[in-house]
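Assemble the whole structure, with the sequences as input and the hints as a guide.
Number of protein chains: 4
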Amino acid sequence: MNPEVSQESIDRVVETIERMGFKAHLSRGQFRTVIGAVGEEGSLDQNHLASLDGVEKVVPIMKPYKLASRDFHEEDSVIEVGGGSVPKVKIGGEFATCIAGPCAVENEEMLNKIARLVRAGGATILRGGAFKPRTSPYSFQGHGEQALKWMRACGDELGMPICTEVMDTRQVELIERYTDSFQIGARNMQNFDLLREVGKTRKPVVLKRGLAATVKDWLLSAEYVLSQGNRGVILCERGIKTFEDSIRYSLDVTSIPVARQLSHLPIIIDPSHAAGKRDFVPAIAAAGMAAGAHGAIIEVHYCPSEAQCDGPQALLPEVFTELMGQLRQIATIFNKHFTKSAAPVGA
Amino acid sequence: MNPEVSQESIDRVVETIERMGFKAHLSRGQFRTVIGAVGEEGSLDQNHLASLDGVEKVVPIMKPYKLASRDFHEEDSVIEVGGGSVPKVKIGGEFATCIAGPCAVENEEMLNKIARLVRAGGATILRGGAFKPRTSPYSFQGHGEQALKWMRACGDELGMPICTEVMDTRQVELIERYTDSFQIGARNMQNFDLLREVGKTRKPVVLKRGLAATVKDWLLSAEYVLSQGNRGVILCERGIKTFEDSIRYSLDVTSIPVARQLSHLPIIIDPSHAAGKRDFVPAIAAAGMAAGAHGAIIEVHYCPSEAQCDGPQALLPEVFTELMGQLRQIATIFNKHFTKSAAPVGA
Amino acid sequence: MNPEVSQESIDRVVETIERMGFKAHLSRGQFRTVIGAVGEEGSLDQNHLASLDGVEKVVPIMKPYKLASRDFHEEDSVIEVGGGSVPKVKIGGEFATCIAGPCAVENEEMLNKIARLVRAGGATILRGGAFKPRTSPYSFQGHGEQALKWMRACGDELGMPICTEVMDTRQVELIERYTDSFQIGARNMQNFDLLREVGKTRKPVVLKRGLAATVKDWLLSAEYVLSQGNRGVILCERGIKTFEDSIRYSLDVTSIPVARQLSHLPIIIDPSHAAGKRDFVPAIAAAGMAAGAHGAIIEVHYCPSEAQCDGPQALLPEVFTELMGQLRQIATIFNKHFTKSAAPVGA
Amino acid sequence: MNPEVSQESIDRVVETIERMGFKAHLSRGQFRTVIGAVGEEGSLDQNHLASLDGVEKVVPIMKPYKLASRDFHEEDSVIEVGGGSVPKVKIGGEFATCIAGPCAVENEEMLNKIARLVRAGGATILRGGAFKPRTSPYSFQGHGEQALKWMRACGDELGMPICTEVMDTRQVELIERYTDSFQIGARNMQNFDLLREVGKTRKPVVLKRGLAATVKDWLLSAEYVLSQGNRGVILCERGIKTFEDSIRYSLDVTSIPVARQLSHLPIIIDPSHAAGKRDFVPAIAAAGMAAGAHGAIIEVHYCPSEAQCDGPQALLPEVFTELMGQLRQIATIFNKHFTKSAAPVGA
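Chains as they are written, first to last, in our numbering: chain A, 1 to 347; chain B, 1 to 347; chain C, 1 to 347; chain D, 1 to 347.
No lab work stands behind these hints, which were simulated from the structure alone.
As the structure is a prediction and not an experimental result, all values here were calculated from the model.
Where hints are given, some of them may not hold.
If several chains are the same, the list does not tell them apart, and a pair holds so long as it fits within one copy or across any two.
[Stated by the list, open to error] Dumping the calculated DMTMM-like pairs for lysine to aspartate or glutamate here, alpha-carbon to alpha-carbon at most 20 Å:
| id | residue 1 | residue 2 |
| --- | --- | --- |
| 1 | K113 | E306 |
| 2 | K216 | D279 |
| 3 | K57 | E4 |
What follows is the structure, given as structure tokens:
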């Protein structure tokens, strides 16, 4: 639309798009409003649209993902996690943030202890697994709703929004009741029904890249969420499957500048699952930040040898704190800054 | 158990295993009955079990998958698909079979036409997609329950068991009502909730290998289904993600002898999705059979250019028929034979 | 050129091409002669060429490889290995052949013993390593020229052409004196100076695919050999590097129909180096033949546990013989037949 | 050896090791001297060695690479490039350095111009290709000795040691005459004869990681050079082959902390060849530094569109200068500093 377009003209264009059988998606930038018309290609009458009042130009987006594309939304998106019982935390653009916590929520005490440690170290969002995807059916599968309750209480007490994994469409409603943001695991990146379900909520979604997914596949999965009206997608690079056998997965740092060139969505890294061994977590985390990430999601445990899940990759709290110091310095070089934990709501 | 063990002794062992907090899984071979005790390692009193009547020896299975392992079930498993309104089709051991049909069920007429063509060509099970997993949210997503009804009617009329993909836990009940066997797609191979849900049914499951899954990961996913009591797992190799860009995926033929050495489960190949181009489908299908597969699942369309989904990989009916002739000859070299379509039930 | 073109017209075209600063490559098929003009694109006067006597049409080949392309040479190439002191063996088109022998030539006695066993089993070309590429500098590196002498004598006695690996440009002259064909290993597939050196000889070259090479990269490496005037390139698929860890390399069977569609060169498989374990060699070899290969190169040892190099992948002689029987049957299905060993020259 | 060991005792141990048929390699650290005995395992009399004067303990190194292992040389190695007609440049430990220049040396003028620009931007070693490895035989292959002469003159004039690629054993002697350091390309990482030849010289070797090489393979290739007595190996991570198709290769940042844990050798990154597109070079370079690299090798061109080779990946001089500023800041965070160009010798 023209820079000085009226609300009336915007409404008219939206209405016209919808009459043509398309979905209209509004994106208001600093200088300009863009209206996306999403639907089956070919059937849109571009000439008619171009003739409407206030329309500057009509640009067909040829990429298979549209709402995720920078063509549709030129500036970096800034996503807010939290609100309500906890302060909001921003991520994207100049705002970097760290999501940290244990792999699985084992019990209330360990959760509270680790949450305090990671908050002190610089994390602003608390992670923790209530439902755990495990390659073996005989491994610990998580404490379910009980763990969600512990997380909600802990997040509220410390003023930290929480983030937890959803694995199945049937869990979405339950988890939505407790959490501030969803995590979709790498193995579910192309579980399209699940993507659609979280897309129907209005809670941000941390979307991990699949182990064999190209950046394009990843953005198409983001598009599933976005197309349902949920604009809060945070991409998360967590390593891809390669032939190298000295680590679990190879963090693909190049995906960061590539995804940022193609898309306006914020992108964070998961050095813990990529490395699989705590020794390599700091170097990978630093690499990801230097490549342009908006933060990291990191597993921390005060006693990794007793962790019920993925102990070998959990950082000790003091190492986490030192790493955060380095990440903050790297962010500064690239004109970003890490958000700080606000006081709890009502504190 | 000893070869000449009594049913009473077997019952006693099963009861003891369950009292110890384990699940007991019976496997009756030609000469011997094996009883699996599945649960958390360490807490089983092996000495006590060894002392029971009829017990020949107690063998701890160290592999992370147990029910899928050849240690637990030495002979090849033979799975039966169908029964009830359609004849049963065997797969595994000496029995090879071909599952064929369109990618997506587009309408009743095309389904019936293709079903007749593939039956005439040598297929014994009819495939067809009712719910389609698509990388883009804007692509055709399938006709859902309507397509299931068309498939059921068509299978019954021709005497062919049917096979269709399930993508979401919420669809399991609906699809189970119509289908003779489930298909789990590569992108859902580690959708653990879905594996458990189909594991609770008693319909066979064609489990495609994930694009970045090792053979061990794949057998662990089979274990999710098996551990719920469903013994009808048919492995399906459909290509892995590699750097080679002249085709979509690289069919990993070596996975066939590897999986057959580690597991008793039947294994088939999907040359259509591996190749992505019909030109290469016959060579890949032949390669898979020669490597030891128990058959193939192949997409066929009489007019691929009009297919709503994956047209470029569908074989023309006459090419399919010629390929089946070659596969039959290869099977003979390796002491297998393709099952033949029986007359419809009640015909 | 026109089907009925005269030698004079051909000479004239060749002369013109060379005057334009290009290399002329003649390829005489059953019905037609094709003349390739290879050089920097852009500077060839196509109109002038088209106007010459006997020229049917001028076709610019856009593929980066030209002499290796089926556009340049439509029919399958048939390469002859041997001649002189040993009978010639054909490979390509309808002719399949098996190259077999020990990994490294350890001593004269073992070589002679294994050569007799593989000849009896159906091999027509004898392989054996004189210079061995080893990942560790501390492993056995081969017996060098002494091993070449033993191979020459053994090949002559049994009437089998020999094939041995060349690793360094400085060895080409020495090895050429003894061998009937060169092998270029996967790790040297892009050792361009080496490719050029063997390209200057007139002995056929078995060119293994690099572990991370696409089919296009492979054909470009073949082009290095061909561009020096050596038309005897035999492609050899030996597995690519993937994430799968149950075997050493994943034999990429799809590369066989892909390479055969793009190129006229014969293609064989190396199941021994792909598998790394003898258990999986027969299944992989059979898969490769069924996918369209013109034969295989297989390592055999009568006592693998004592082999100085790659013992675990060597087939026992009786397993080799059984496998050859299966490969012969598969070849028949696809209208190929294995060449048979002729009597020694002078026998 | 004991910290206070005498030279006499050291000589005695070396002599004993050699009498046993092993090679003795001395490594003098700040506090301790380590003597490596390299040869076939099993035949060394460890008890006898342990009984000699000054021997603190005898440690069998089980890794297949020995001289490259941190077990053999605990502290980071610092390699010096240059000396003689140019100042020495240090790399390793706290010393980071940047090697920069054009891909291929196209002519003297462009070389001199780019050399001045990269020196001003912060590079201390000048790179440039005289012999170019090209996937196609029809691409520009470099100016050979003439380019070496231009590089030598330019390096001497600016006080910059030079680095150029060697592709063939027959070029080693020629290139050694001109260069201060060799580069071994990714495609030659397992060209074992070439590794041995450069190992016989005393000029440092930048050893690029092969496209399908694990970190272990890479260190074994380093061992080939080291085992010939050349201790100047600089590892160079340049990306591995993966399925991701938005860039040429995926820079494997994790290899940096992994290689540094296993080995004492310095490690640099090549963001230009990994990315293949200049847009992504800065992000990848920054990521590599943050992961712990000791610098980078970067291609720069003032007019990339006219480059005869790999133009799309060359940085513009002003972008290079800006990037160097960021790399310097990242180095500081991790207690490294970039070396500065000294004045030319005799200036």
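Hints, verified against the model:
In this homomeric assembly, K113 and E306 come within 20 Å of each other (Cα to Cα) only inside a single copy, at 14 Å, whereas the closest approach across copies is 59 Å. Taking the closest pair of Cα atoms, K216 and D279 come within 20 Å of each other only across two copies (18 Å); inside a single copy the shortest separation is 31 Å, beyond that limit. Only within a single protomer do K57 and E4 lie at most 20 Å apart by alpha-carbon distance; the minimum there is 14 Å, versus 61 Å between protomers.
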